[in-house]
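Here the protein sequences come in this chain order: P and H.
Numbering-wise (UniProt numbering), the first sequence opens with residue 1 and increments by one.
Numbering-wise (UniProt numbering), the second sequence opens with residue 1 and increments by one.
Possibly wrong hints are sitting among the right ones.
[Unchecked claim] List time: in silico PhoX-like cross-link candidates among lysine-lysine, alpha-carbon distance up to 25 Å: (1) K64/P - K142/H; (2) K338/P - K3/P; (3) K64/P - K281/P; (4) K201/H - K142/H; (5) K64/P - K201/H; (6) K281/P - K411/P.
What the hints contain is simulated information worked out from the structure, not anything from laboratory work.
Here the structure is a predicted model, which means the values were calculated and not measured.
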Amino acid sequence: MSKRQVHLGAHFPGVNNTTVWRDPRAGSQVDFSSFEHLARTAERGLMDFFFLAEGLRLREQRGKIHDLDVVGRPDTLTVLNSLASVTTHLGLAGTINATFNEAAEVARQFASLDHLSGGRAAWNVVTSSDAFTGENFRRGGYLAHADRYVRAREVLDVARAFWDSWGADALVADPTTGVFARGIGEVEHHGPQFDVRGPGLLPRSPQGHPVLFQAGDSDAGREFGATYADAIFTMHGTLEAGVAFTADMRSRAVRNGRSGDDLRILPGATFVLGDTLEEAKENAREIRFLQVGPEQAVAFLEQVWGRDLTGFDPSGPLPDFEPEVASDIAQGRTRMTKDPRETARTWRQLAEANGWNARELVVEVTGRQQFVGTPGQVAAEIDAYVQADACDGFILVPHLTPTGLDEFVEKVVPLLQERGSYRTEYTGQTLRDHLGLSHPHAVPSVRATA
Amino acid sequence: MSEPLRHPVRLGVELDAAGRHPAAWRLPGARPAELFTAAHWRRLAATVDAADLDLLVVPDSFRLGSADERDQRGRLDAVAVAANLAPLTRRTGLVPVVTTTHTEPFHTQKAVATLDFTSRGRAGWQVEVSATPAEADLFGRKAAAPAQELWAEAAETVDVVRLLWDSWEDDAVVKDLATGRFVDRDKLHYVDFTGEHFSVKGPSITPRSPQGQPLVVVPVRDEPSLAVAAAHADLARLEAPDATVAARRAARLGTTTLLDVEVLLRRDASQAQEVAAHLDELSPGHGPRTLRHVGTPASLVELLHDLPAGLDGAVLVPLDLPATLELVASDVVPHLGRPPAAGTTLRDRFGLTRPASRYAVGGTR
């Protein structure tokens, strides 16, 4: 097998404006049948994993709960544990925040998922310094922005210590000798965020360490990912940008004493298919206008302009007044733009040059449709990215719940297989097997850390 | 021959790895190497579900269990186990223990609500506290506290969890094409809870679950836990040395009460006694935490038939698995004359109606 192999994950359409709820085929985003459908489809497509994001507070706009996009989601780990029962090979990856969870607890939760799924668990570690989200937690929002990765590193150091605390042979369970378990290590960690001491509560799980995913494009985020993560979630621009990002991450991994091949780089990607390129483009355009209705367009502009735009007509030109620079109109989501006045200038030029009204402008500037074309074109393009080492594969983000992946699995997967770039059967049982990652070696006991 | 019942016997089981006795893993049939696998739990749950038991309780704590290398140690996260069993079972209620001392209430409420989604309305939550310094050391956030304080915090947790379960009204998702609104924000509610131990803003991130409010189970073993059960429980589990003491405590609770009974069953009574003695020999010092019944299925049927009025049934806690559970299913349940469950949700089983959100116009609670 000389060709680099494409890795694919399936993102459950989450809470955002890319999930099209106006389509009559759109189903529930909380009923278990939806999760089951997408997971079974992903497994039918021999994908590496199913991915579920997390939200910890409902977003707000202008001080009120944002009501335009899909909102409301279940608990990540609980869904993944239930999916473990209706799938056999599919990796089960979930986002869990390292800021609002305790290391001992979250380590045990992911070890439990790894045990119950037979080695298919992955943790996407994210951080927050958001006092808005913190209002739902005892821990609150007191973590300074700069401390996010300090805490995340400690959470992972402590979690890994717990995962290692039972050596691979600690669970003996031999009725004839009467030894159930021996040599269980005591974790001891004292750091700026944690003082933790105690025994590991679970035998070593099938993967040793659940697979670690990380997303975060800042310098601190990249360093953190290159040190700890097995796979990096990223946004993907051009092929050239992908090649540069991947090269940077692999060299950071090497600087941290790892191999560049220890990292899987997996950008999120959308896709729209058609029998011809023209049809696919037309489908893509329809989807974009369903994602960005007139109300969503105004809400988006409010975030950039930093002011109430009630009554603004999105079928006309962009607002002719200047954005507020220091405004916090949208809570619970990432700031759209660092310099709103510069952004407004650029957009006005863009809109004028192309004859776009405000909504059309929003459609264009928020568009993230990567793969638009016939199944053959999409398969070729995905393959090209991977062969050029712009990435190791993609996390597919369908726009429909729960059937958004069906067409991809039926039409694109067979073409990737024909190209020799995609598995024709699962050859391993664990997610580490699927991703081609090594299994961490068990260490017999845990040393104290400073 | 079963005698006519004086009242319907509600029957649950609590399943812990190879059983509550820490030496149970050494008995024939225990398959100790599989205790941490899904296969182990699926076999047990299939038996429970087929027997149409009312509850399957999965215990949990942040304790290792024992310092003795001969004892069964370690335990999977209870919500994880219950969630794993949810798609594979159809009837029995799934009740994981989630402790309140070190766990964020916001996480607890969305986990149990989600279990209600994945089990299609069969989720419960058993409240527990973490009392030991060893558990506190695992988190390093606060010192161990006396029972009174731990249960006061647990009561706050139940309060805020119930508020959050109500924080989405049933019809909050509107998908209104005319206005472009996915939700009606007037049907989402900040709970703005401020208590002694924590504050939570809300609303929940998870929409209201099939049962509206999953069943809240509180174990009663001392005065502080009894007070919390009286004020907050849908269902109380009584640990008591005998049924008479339990009935006396039950009289102080205005809720459905189940007596905890540790059981070890064999078809032959003397054989059951031998197994129990053997277990105590292998790992001494594990006396009963509640009424213990070591004997035959028939004698257990008798015990259950003779429960005093005021107790609604029992939660059986097998000392060993799977042997005792299999006898419960094959030789106990058929002789209890229990009527089939009325409905598909866990609340239905206990005759509890689905509450309206307290925030809804005309809502109760």
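How the hints compare with the structure:
Restraint check for K64/P and K142/H: the C-alpha separation of about 35 Å exceeds 25 Å, so the hint is violated. The straight-line distance between the Cα atoms of K338/P and K3/P is roughly 41 Å, outside the 25 Å bound, and the hint therefore fails. For a cut-off of 25 Å, the pair hint linking K64/P to K281/P is broken: about 36 Å separates their Cα positions. The straight-line distance between the Cα atoms of K201/H and K142/H is roughly 22 Å, inside the 25 Å bound, and the hint therefore holds.
Using a Cα cut-off of 25 Å, the hinted pair K64/P and K201/H holds, with the two alpha carbons roughly 13 Å apart. A distance of roughly 17 Å separates the Cα atoms of K281/P and K411/P; the hinted pair therefore holds under the 25 Å criterion.
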